[in-house]
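Those sequence lines, one after another, are chains A and B.
Counting from 1, position 89 in the first sequence corresponds to residue 89 in the UniProt record's numbering; the numbering is continuous, with no gaps.
Counting from 1, position 168 in the second sequence corresponds to residue 168 in the UniProt record's numbering; the numbering is continuous, with no gaps.
For the record, the hints were derived by calculation from the structure and aren't laboratory data.
Some hints could be false.
[What the hints assert, rightly or not] One-sided and incomplete, this derived list gives chain A residues near chain B with beta-carbon spacing under 10 Å: (1) Ala-34; (2) Asn-38; (3) Lys-100.
[Unchecked claim] To give a feel for the contact side, a few chain A residues facing chain B, derived at Cβ under 10 Å: (4) Thr-35; (5) Phe-43; (6) Val-50; (7) Ser-52; (8) His-55; (9) Glu-57; (10) Gln-58; (11) Glu-61; (12) Asp-64; (13) Phe-74; (14) Val-89; (15) Ile-94; (16) Ala-105.
[Claimed, not checked] Think about it this way: if two alpha-carbon atoms lie no more than 20 Å apart in a straight line, the pair counts; the simulated EDC-like pairs of lysine to aspartate or glutamate are: (17) A:Lys-41 / B:Glu-233; (18) A:Lys-41 / B:Glu-237; (19) A:Lys-41 / B:Glu-224; (20) A:Lys-194 / A:Asp-238; (21) B:Lys-242 / A:Glu-61; (22) A:Lys-257 / A:Asp-159; (23) A:Lys-41 / B:Glu-222; (24) B:Lys-34 / A:Asp-326; (25) B:Lys-229 / A:Glu-49; (26) B:Lys-242 / A:Asp-64; (27) A:Lys-41 / B:Glu-241; (28) B:Lys-242 / A:Glu-71; (29) A:Lys-257 / A:Glu-289.
Remember, predicted model here, so these are calculated numbers, not experimental data.
Where is the CB? At the ideal position from N, CA and C, for every residue including glycine.
These are the residues of each chain, in order.
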Amino acid sequence: MAERELILAFESSCDETSVAVIENGETILSNIIATQINSHKRFGGVVPEVASRHHVEQITECIDLAMAEAEVTFDELTAVAVTYGPGLVGSLLIGVTAAKVVAFAHHLPLIPVNHLAGHIYAARFVKPLVYPLLALVVSGGHTELVTVSAPGEFAIIGDTRDDAAGEAYDKIGRVLGISYPAGKQVDAMAHQGKDTFDFPRAMDQEDNLDFSFSGLKSAFINTVHHADQLGQTLDKNDLAASFQAAVTDVLTHKTIKALQQYPVQQLIVAGGVAANQGLKEKLTAALAEAFPNVDVIVPPLRLTGDNAAMIGAAAHIELAKGHFADATLNAVPGLDLPQASEA
Amino acid sequence: MKLLALDTSEQAMSVAVMEDATLLAETTLNRRMKDHSEQLLPTIESLLAASGLGADDIDRFVVAAGPGSYTGLRIAVTTAKTFASTLHKELVGVSSLAALAAGERHTSELIVALMDARRGNVFAGGYQWTDDGRLKTVIADRHLALTEVLAQIAALGQLTVFTGPDALSMRETIVEQLGSLARFADPVSALPRASRLGALGRVAAPVADIDAFVPRYLRLTEAETTWLKTHQETGHEPYVEKV
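For reference, chain A alone in the conformation it holds in the complex (with noise of 0.2 Å):
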């Protein structure tokens, strides 16, 4: 019987703490995820100081409950691997420090591990990937199209010149009333609404494969107040559909027009927002026209939203590769893929 490849994976990036103990790459053993919602929606975001300080009362616990679930020891663990960046310092901090520690501690290699890398990797438990590939990643912090030419070869095509997709769901979520993470009742809303407003729909005609979000967000904001001047009521789920409409038409047309220019067999969905309705029925809806060969890959609700599986996928990748860190590895916030002109 061949040997069990196992690792040991942590993601702390943001506001959720995550350990997980993947088999081979492809099957998860345990998912634990700690999330801390319910802490920030008080602040209405994520406050990196009060994210920092639950990650690290969350921890060992995550660890003790990853490895229990899995039913493995340290000594069956094949590697460590770990989030080290993009994110908030403090909270990949949590990860990295604990991550290194296992791996010092019980003899393992240390597999640092980009979080978009691992978003992309999401898809991996869905079914076996064919290369290359397109990825488009949706969070509240990144809104990217992403190639990957080979098992863990990315390059960026196109990216956000401001907000993320999932950043303007928040921002017209607190205009609307809607408490933080915004993007469940919006998109709820916008299926009870019509898009009347007719919002910008940035870049859409542009030539390049660019996202912008803030001139969209303060379209939205603008329109609320000024009918709040004239004392006017608008329909608030009209008001959802309209938004939602402009940043779902944004999204699927760039990426028709990614996949024009990258002929590829997949399309890998991939963040928090992969999780949005509006999003999977317009995109699959056009891709059908336009692509009916490409297979549109969305990984489950639990695997789309920060999690450590995700984070093993992609480093079963790297340890065939080799690509390890020795005990100085840091937390790298700013952290990206490699653009096109780079890779």
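We have chain A already, so just place chain B on it with the hints.
Just chain B now, kept in the frame of chain A:
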């Protein structure tokens, strides 16, 4: 008993390996060339190697648990609790101010350890050696205005030794308020030394719940302080949930 003591509460970093009361190896770095995150574990590795020990040989991990720089505290505490938890060893948290005070070993006077907490505030703790060699808490660690802590000490009316790297830079204010009652540690003794921390941790009780162990920040975050002005802390959903 073999123990590893570590302190990254402030700018200086100190790590020591001890066997009972005997110091086997120690490193103190006071010129911060790298982040604590980059240099703490490599230092632990080299000190263990120099002591002929592996991590698994350590019976007890002693950490300076605060107060201090929030990020620094978290790095040492996360390191210590991850070692202790995954190797099934003991964990002891010691006040970072008590560890500083313990650097003044040969005095029977009141020792006050200070850390700059910015905007005129300090973290302060008052300690005194007993005849049987224990370090007794006289003023519990607290976060307050420097002028306020000096007023409390003035009220005691006794000779006081100030220690900690920040205390030396506050000398002028301290002398102004306390005059000849104030003494100062020399700059070398004023540095945190993990061997002193380890000596305190050797005789302290290990923590019962390693998972729940967190730094002693002695201060809420600004966001929480502001929120509490208009909200009640009771009856809420758990702030962190396993999902």
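Tested hints:
Look at A:Ala-34: its Cβ gets to within about 5 Å of chain B, closer than 10 Å, so that hint holds up. This hint holds: A:Asn-38 has a C-beta 5 Å from the nearest C-beta of chain B, less than the 10 Å allowed. For the restraint placing A:Lys-100 at the interface with chain B, the shortest Cβ-Cβ distance is roughly 5 Å, inside the 10 Å limit, so the hint holds. The beta carbon of A:Thr-35 comes within 5 Å of a beta carbon in chain B, closer than 10 Å, and the hint placing it at the interface holds.
At a threshold of 10 Å, the smallest CB-CB gap from A:Phe-43 to chain B is about 5 Å, leaving the interface hint in force. Residue-level restraint check for A:Val-50 holds (minimum Cβ-Cβ distance to chain B is 5 Å; threshold 10 Å). Hint on A:Ser-52 holds. Least Cβ distance to chain B is approximately 6 Å, under the 10 Å limit. At its closest, the beta carbon of A:His-55 sits 8 Å from a beta carbon of chain B; the interface hint therefore holds under the 10 Å criterion.
At about 5 Å, the closest approach between the beta carbon of A:Glu-57 and any beta carbon in chain B falls short of 10 Å, and the interface hint on this residue holds. Using the Cβ-Cβ criterion of 10 Å, the hint placing A:Gln-58 at the interface with chain B is satisfied: the shortest such distance is roughly 6 Å. At its closest, the beta carbon of A:Glu-61 sits 4 Å from a beta carbon of chain B; the interface hint therefore holds under the 10 Å criterion. A least Cβ separation of about 7 Å between A:Asp-64 and chain B falls short of the 10 Å threshold, and the interface hint therefore holds.
Hint status for A:Phe-74 relative to chain B: holds, with the closest Cβ pair at about 7 Å, below 10 Å. Satisfaction of the interface hint for A:Val-89 is found here, the shortest Cβ-Cβ separation to chain B being roughly 8 Å, below the 10 Å cut-off. Because the beta carbon of A:Ile-94 sits about 5 Å from the nearest beta carbon in chain B, less than 10 Å, this interface hint is met. Hint status for A:Ala-105 relative to chain B: holds, with the closest Cβ pair at about 4 Å, below 10 Å.
Straight-line distance between C-alpha atoms of A:Lys-41 and B:Glu-233 comes to about 13 Å, which keeps the hinted pair within the 20 Å bound. As the CA atoms of A:Lys-41 and B:Glu-237 are separated by approximately 11 Å, the hinted pair is consistent with the 20 Å bound. For the proposed pair A:Lys-41 and B:Glu-224, the alpha carbon gap of about 12 Å is at most 20 Å, so the pair holds. The hinted pair formed by A:Lys-194 and A:Asp-238 meets the criterion: a straight-line CA distance of about 5 Å does not exceed 20 Å.
Simply put, B:Lys-242 and A:Glu-61 have alpha-carbon atoms about 11 Å apart, close enough for the 20 Å limit, and the pair holds. About 14 Å separates the Cα atoms of A:Lys-257 and A:Asp-159, which keeps this hinted pair within 20 Å; it holds. Proposed proximity of A:Lys-41 and B:Glu-222 is supported: the alpha carbons are some 15 Å apart, at most 20 Å. For the given pair, B:Lys-34 sits about 15 Å from A:Asp-326 by alpha-carbon distance, which is consistent with the 20 Å threshold.
With a C-alpha separation of about 19 Å, the suggested pair B:Lys-229 and A:Glu-49 falls inside the 20 Å cut-off, and the hint holds. Between B:Lys-242 and A:Asp-64 the CA atoms are separated by roughly 13 Å; this keeps the pair inside 20 Å, and the hint holds. In summary, the hint linking A:Lys-41 to B:Glu-241 is supported, as the alpha carbons are separated by about 13 Å, within the 20 Å threshold. For the hint pairing B:Lys-242 with A:Glu-71, the CA-to-CA distance comes to about 19 Å; that is within 20 Å, so the pair holds.
Simply put, A:Lys-257 and A:Glu-289 have alpha-carbon atoms about 14 Å apart, close enough for the 20 Å limit, and the pair holds.
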